Amino acid sequence: MNSENKTDVIVVGGGPAGIAAAITVARGGGKVVMIERGKFSGSKNMFGGAIYTQPTKEIFPDFVKTAPLERRNIEHKYAILAEDESTVVSYKSKKSEEYGSYTVIRSKFDRWMAEEAKKAGVYIVEETVVKELLLDGKKVVGVKTELEDYYADVVVLADGVNSLLAKSIGLREDIQTKDVALSVKEVIKLDREKINDRFNISDDEGCIYEIFGGPMLGMLGLGFMYTNKDSVSIGFGLTLNELVEKEIKPYEMLDKLKAHPTIAPLIKDGELLEYSAHLIPEGGYKKLPRLYSDGVLVVGDAAMLVNNLHWEGTNLAMTSGKLAGETILIALKEKDFSASMLSRYQKKLENSFVLKDLKTYKDLMDVMHDRKEDFLEYYLKKINSFFAMFVSVDSIPKRKKYIDFIKSIFTDRKFAELGKDAYNIIKLLWGIFK
Amino acid sequence: MSIDDKLSTVKYTSDIYSHLNPDNKECLKCLSKCCTIVCPANVYSWDKENKKLIVNYENCLECGACRIACEKKCLKWEYPRGTKGVTFKQG
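Protein chains in written order, with our numbering: chain A, 51 to 484; chain B, 2 to 92.
Pulled out of the complex, with its shape left as it was, chain A reads as follows (with noise of 0.2 Å):
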């Protein structure tokens, strides 16, 4: 083993779950090396986005004032889209400050946080591919790159939702189309005095909505939309086989999300900016890889931690990557690298938000991949319905036209399919309280 490459510990991918790995053991004093194959962090990530303020503030306590932000987040909109009506509900308040979200663009904000990193002691490797693990019988010793070979007692796969790597060591199987989203996002320029007058927010103000329904009724997809400081994110996540069974070309689809009478005034006259896309781990807690092996840990999108129904990712990246430097900064003291040591990294997880939301949550998908139709589909439309009923004056007695809305649930549907819906809310319900 050549002495000069080895090192403390190996992160592979400098994202935000890397990144808070190796400023938490740099900052415990052990030496560590992140390997980027991006130009710089932040240049081959996208997300809706924002990043969560409690969270992000455990590990840059004072990032609200030196890091590169959007806007805070004051206002969530749940938009529920029919073919050409929407039923919107608003949650807005200043208050939230520390349990609130920011808004970033990634090439700024991880860029940032990559040089907080650089500045406690890591050291960088920029546009390298790690092309594999190094193996001493079933243990992980080191990474072989394009250009050569890195030795550490400890590797903490960092590298996404495709960790080739997590897989080439049987950590986890391969992803099926139903356990991940395709997500597109354009990024729309817009003048900052139209953002604030078109979303009712001021200069250093957010708003988010949170889409449902609209093209993809019927499909386990949802849409955001994101305030940025002169543009606005609008995209979609839409599980893979939903595009692949129903042939969907997945920017057709964001066209015409664009293009619903809702949001389209929104986003009117802006100027595209950028187009991306990216993948979003949603196979949720029964579908998490092995999150340790000897001389080995996995954080964030490569470990699937992602919590879609609340729209968060960065959080549990975060959380998760700063649980296994912390992991490994008790190994280094012990100097035991073995899976029964690094075994307190999943203790650590199953303590934490992270993996008691996941599991909290372990049903979600099944239930939303077999009632997409009913959930995703009937019921939003029944809401607009309603208020369409609500709303219309047309000398009607109010009286007959309720009597009519909640006879008409019962003749669009069986009871055996109301019976389901019930059995499945309740089974969801159950899932969180018991």
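What the hints contain is simulated information worked out from the structure, not anything from laboratory work.
A quick note: this is a predicted structure, and the numbers were derived from the prediction, not measured.
Hints are supplied without guarantee of correctness; some may be wrong.
[Claimed, not checked] Covered by chain B, per the in silico footprint, the following chain A stretches (three or more residues, Cβ under 8 Å): (1) 94 to 101; (2) 155 to 164; (3) 177 to 184; (4) 292 to 306; (5) 416 to 427.
Note that the Cβ used here is the ideal one computed from N, Cα and C, for glycine as well.
Go by the hints and put chain B onto chain A.
Structure of chain B alone, referenced to chain A:
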């Protein structure tokens, strides 16, 4: 807006080698050719005349959808080399 117009907003550093290499013998047998549908950058198209999958790897956004969707599991999918591929500015 066409997909070509959308892709014209993306910054790429092209390699002379493709990082996406399907086994065309398997592609011939593939019925769905689903890579030609799901790819968000329209990288794949089926050349009916020459019975060959055309791969415009230079447009790849490196998402990995084709790798997972590939019906025949015949796509050798790698990341582009370290200095190559997409650089998102607005991600």
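Consistency of the hints with the structure:
1. 94 to 101: holds (count 4)
2. 155 to 164: holds (count 3)
3. 177 to 184: Since 3 is at least three, the answer is holds.
4. 292 to 306: holds (count 8)
5. 416 to 427: violated (count 0)
Violation of the numbered hints given earlier is confined to hint 5; every other hint is satisfied by the structure.
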